[in-house]
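Student: Single-letter residue listing:
Protein chains: 2
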Amino acid sequence: MRPLFFLVFCLPFMAQAQVNQDSVAIKKMADEIMTNGTAYDLLRELTKKIGGRLAGSPQQQNAAIWGKRNLEAMKPDKVYMQPCKTPNWQRGGKDFAAIVGINGKPTNQKLEALALGNSLSSNGLVEADVLAVANFDELEKRKDEVKGKIVYYNSEFDPTFIQTFKAYSAAGTYRGTGASRAAKYGAVGVMIHSLSTAPDNAPHTGGMKYDSAYPKIPAVALGPNDAKALYAKAKKGTVRAQIQTYGFFLPDADENNVVAELKGTEHPEEIITIGGHLDSWDVNEGAHDDGAGIVQTMEVLRAMKALNYQPKHTIRFVLFANEENGGKGGAKYAELAKLNKEKHILALESDAGGFTPRSIGVGTTPAQLAYFQKWTPLLKPYGTEVVAGGGGADIGPLTGYDKNIVMSSLTPDSQRYFDLHHAKTDVFENVNKRELLLGAVNIAAFIYLVDQHGVNP
Amino acid sequence: MRPLFFLVFCLPFMAQAQVNQDSVAIKKMADEIMTNGTAYDLLRELTKKIGGRLAGSPQQQNAAIWGKRNLEAMKPDKVYMQPCKTPNWQRGGKDFAAIVGINGKPTNQKLEALALGNSLSSNGLVEADVLAVANFDELEKRKDEVKGKIVYYNSEFDPTFIQTFKAYSAAGTYRGTGASRAAKYGAVGVMIHSLSTAPDNAPHTGGMKYDSAYPKIPAVALGPNDAKALYAKAKKGTVRAQIQTYGFFLPDADENNVVAELKGTEHPEEIITIGGHLDSWDVNEGAHDDGAGIVQTMEVLRAMKALNYQPKHTIRFVLFANEENGGKGGAKYAELAKLNKEKHILALESDAGGFTPRSIGVGTTPAQLAYFQKWTPLLKPYGTEVVAGGGGADIGPLTGYDKNIVMSSLTPDSQRYFDLHHAKTDVFENVNKRELLLGAVNIAAFIYLVDQHGVNP
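Residue numbers (my numbering), protein chains in the order written: chain A, 1 to 457; chain B, 1 to 457.
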């Protein structure tokens with residue numbers, strides 16, 4: 001009778017006692033972060049004292065030193081650098097675009113424009129008539145008209161996607177591959193509608209990639225208002241435009257992932273990773289993308305130390321060196337994990353802005369997801385729930401090494417992210433202190449639960 | 001067998017068909033609002049062309065005319081005004097506060113300060129030593145020290161409340177009653193820590209009420225940074241301060257609720273009300289409080305007309321005249337509902353800012369709540385769920401007339417609201433277009449469901 005008695009009568013109470021204990025521990029962590037959190041002050045330093053930090057820039061070097069110094073001050077068990085090589089793209093000058101003729105009449109309308117990341121110099125002014133297309137379908141239909149033109153893609157977001165990341169994915173292909181797809185048919189330059197939700201005129205940069213089979217033509221993103229106006233004009237008549245860009249590559253740069261570790265007391269060989277990326281584009285302060293993820297990662301460590309939390313598993317706090325234009329930080333981290341035969345059980349990335357957290361995404365099997373979702377009632381008071389689908393560019397390479405590592409991510413509210421993502425408006429002033437800290441609270445709570453109960457149902 | 005067959009086999013399919021039909025209708029409404037919504041442009045007009053609009057001001061008169069004109073342009077079945085009398089408080093001048101001595105040594109530190117709404121003129125400079133207290137408990141303990149002093153209440157928000165409205169409720173009592181509770185013991189003036197979550201120094205005004213049994217001493221809110229500095233100084237030594245305010249009342253003003261109506265096709269006598277309040281404090285543009293609620297209300301009407309939606313019940317779209325300093329708009333609406341023996345089934349208020357919507361709150365019985373909560377899967381794709389507890393200052397008076405009227409409200413994310421609530425920072429620039437429109441989407445979806453299926457389980 002003893003075992004049955006235990007199972008029927010004691011287990012529910014024990015389970016409830018465990019839930020209560022977790023609830024109290026999470027509340028302590030939340031109170032610590034919301035009351036004494038330093039993430040906002042650290043973000044001010046990173047954005048205002050260091051600023052934009054594209055891999056290869058002096059700012060990115062400074063950011064790694066800053067990160068190491070601040071992590072050390074939090075007194076984890078160790079802090080170290082992981083050197084890695086990264087691309088070293090230079091914008092090279094002030095990108096230029098203008099409308100210089102409409103239906104044969106000269107005009108002079110400067111357009112707000114930014115060269116896309118990785119795009120190369122135009123080698124002087126490129127001037128041509130504009131072929132404006134709604135999408136690739138239209139490009140293919142009109143491929144005979146492309147030769148000698150500047151192609152404009154109307155890569156505007158679909159506003160009916162409630163999750164803006166879905167609209168970004170749909171439009172993002174024009175930024176990534178639009179230049180080469182137009183160059184294939186003889187285009188001399190490409191302009192896109194910025195990948196933006198903002199009702200303003202700030203252009204948004206971001207990574208693109210040339211297909212080496214075709215000429216590497218210059219590619220710029222236009223400010224949303226200018227893009228809409230250009231598209232309207234080009235649908236009614238012949239628009240002649242100029243583009244000038246200055247991009248080039250220096251030899252690969254030496255950057256560093258910065259890693260802090262709390263050693264596990266029960267399973268020191270099992271690793272949980274939290275991280276964000278330290279680099280940003282050059283045109284802003286990288287406050288939401290991804291200064292927020294960096295300081296939230298640091299905040300979780302700070303709070304755990306402040307509360308003298310001794311994890312069962314080893315927890316790594318990683319400031320990845322290079323995500324934006326190469327993904328070399330995450331690749332290096334995974335490469336070393338494999339080399340050192342490390343056992344990773346879960347990795348969580350915060351790289352979707354410092355906005356109010358809405359969910360913790362977990363990319364895993366249905367059974368394991370159901371296990372994690374039992375924690376939702378513990379997270380709900382802090383605004384999140386566990387949902388299917390997680391991961392990110394920095395932690396993703398770990399799955400190439402071991403596909404059983406659980407990929408997770410903090411999902412903040414997405415409505416404002418693409419107002420400022422990769423635009424000059426991604427600055428400290430557009431980050432809200434409470435929203436930022438609340439993100440750290442939810443990461444800390446989820447990681448606490450993973451540490452206490454593991455990842456296996 | 002027929003009825004049983006019907007119940008067992010057909011009902012689930014019919015129910016599913018109904019859910020699908022609702023889902024399609026809601027998606028249509030959402031697409032219309034996210035694509036063609038004019039709420040953001042209307043808000044720009046209301047805030048930039050009209051501006052702050054305290055009841056009794058010319059701006060508030062203009063706002064009602066603007067509201068009527070724009071509602072009429074949307075071609076509902078009727079638009080009319082409901083005249084009502086409102087208080088007419090005047091700030092009267094530029095409020096002033098300063099530290100003029102520390103431990104007997106003269107100093108001159110101007111403090112950011114705003115008189116609380118309804119507080120009266122100080123009749124010249126009031127100068128006195130400061131008695132700084134953490135709360136009313138400390139005031140009561142130290143009541144013998146109060147006479148002749150300026151009392152400072154450290155009514156700072158508790159940052160550990162995740163829902164900021166809870167922190168606001170807790171701290172709000174110092175704004176509402178602090179002056180008279182100090183005057184009772186002979187205080188000559190009162191200063192409070194602004195009811196603010198912002199890491200800045202903008203003071204926040206808001207309503208207070210004198211207890212007629214005690215002298216009506218001047219009361220100001222200090223900017224958060226100044227308040228923290230003053231409190232720190234007052235705990236260590238003797239701080240001497242000055243206050244000057246200029247408040248007074250003019251005779252009650254003539255304002256108007258503006259009401260638009262879509263007449264019900266099946267139950268025209270049963271009324272569903274949606275609304276926000278047109279008035280705001282004088283020191284800002286009232287963009288979130290409550291321009292957002294106003295333009296969301298108008299947007300729901302616009303979208304329903306654009307889609308030629310013909311409601312079963314009569315739907316009223318109400319721009320309430322006066323909430324901030326008197327609540328006379330909602331009182332008049334309920335008074336007329338009673339007078340005209342109207343049958344109201346549900347009222348929904350949007351008065352918590354134009355931020356990303358998180359839930360639809362419903363204040364009702366558990367059985368009725370469970371009925372509404374079955375709609376959560378239909379709302380979830382747009383970011384909300386149905387939760388317990390709803391209502392608001394403008395619709396609240398309806399329950400005095402008929403307690404069965406379901407009170408509901410849109411609950412947006414609350415993290416940023418008290419950064420700018422009643423402060424000069426509540427301006428158009430701090431409203432996000434997508435967040436604002438998404439609020440209207442969720443109101444429209446919920447009201448559609450109420451209209452289609454009623455409020456009875």
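If you are wondering where the hints come from, they were derived from the structure by calculation, not from laboratory data.
Possibly wrong hints are sitting among the right ones.
For chains that are exact copies, the list does not tell them apart, and a pair is met inside one copy or across any two.
[To be verified] Straight line, CA to CA, 30 Å or less: simulated BS3-like cross-link-like pairs of lysine-lysine: (1) K235 <-> K380; (2) K110 <-> K85; (3) K68 <-> K94; (4) K374 <-> K166; (5) K94 <-> K380; (6) K105 <-> K75; (7) K263 <-> K141; (8) K305 <-> K380; (9) K263 <-> K233; (10) K27 <-> K380; (11) K48 <-> K424; (12) K236 <-> K184; (13) K48 <-> K141; (14) K305 <-> K228; (15) K49 <-> K343; (16) K424 <-> K49; (17) K27 <-> K341; (18) K27 <-> K228; (19) K263 <-> K143; (20) K27 <-> K166; (21) K75 <-> K341.
Quick caveat, the model's predicted, so the values are computed rather than measured.
Student: Work down the list of hints and note, for each, if the structure agrees.
Tutor: Hint check results:
{"no.": "1", "hint": "K235 <-> K380", "result": "neither (49 Å within a copy, 38 Å between copies)"}
{"no.": "2", "hint": "K110 <-> K85", "result": "neither (38 Å within a copy, 54 Å between copies)"}
{"no.": "3", "hint": "K68 <-> K94", "result": "neither (33 Å within a copy, 49 Å between copies)"}
{"no.": "4", "hint": "K374 <-> K166", "result": "both (27 Å within a copy, 27 Å between copies)"}
{"no.": "5", "hint": "K94 <-> K380", "result": "neither (47 Å within a copy, 44 Å between copies)"}
{"no.": "6", "hint": "K105 <-> K75", "result": "neither (67 Å within a copy, 43 Å between copies)"}
{"no.": "7", "hint": "K263 <-> K141", "result": "neither (59 Å within a copy, 49 Å between copies)"}
{"no.": "8", "hint": "K305 <-> K380", "result": "within (24 Å within a copy, 37 Å between copies)"}
{"no.": "9", "hint": "K263 <-> K233", "result": "neither (62 Å within a copy, 43 Å between copies)"}
{"no.": "10", "hint": "K27 <-> K380", "result": "both (12 Å within a copy, 27 Å between copies)"}
{"no.": "11", "hint": "K48 <-> K424", "result": "both (13 Å within a copy, 25 Å between copies)"}
{"no.": "12", "hint": "K236 <-> K184", "result": "within (26 Å within a copy, 74 Å between copies)"}
{"no.": "13", "hint": "K48 <-> K141", "result": "neither (48 Å within a copy, 46 Å between copies)"}
{"no.": "14", "hint": "K305 <-> K228", "result": "between (51 Å within a copy, 27 Å between copies)"}
{"no.": "15", "hint": "K49 <-> K343", "result": "neither (37 Å within a copy, 62 Å between copies)"}
{"no.": "16", "hint": "K424 <-> K49", "result": "both (16 Å within a copy, 28 Å between copies)"}
{"no.": "17", "hint": "K27 <-> K341", "result": "neither (36 Å within a copy, 50 Å between copies)"}
{"no.": "18", "hint": "K27 <-> K228", "result": "between (48 Å within a copy, 26 Å between copies)"}
{"no.": "19", "hint": "K263 <-> K143", "result": "neither (59 Å within a copy, 54 Å between copies)"}
{"no.": "20", "hint": "K27 <-> K166", "result": "between (33 Å within a copy, 16 Å between copies)"}
{"no.": "21", "hint": "K75 <-> K341", "result": "within (26 Å within a copy, 70 Å between copies)"}
This entry does not satisfy hints 1, 2, 3, 5, 6, 7, 9, 13, 15, 17 and 19, going by the numbered hints stated previously.
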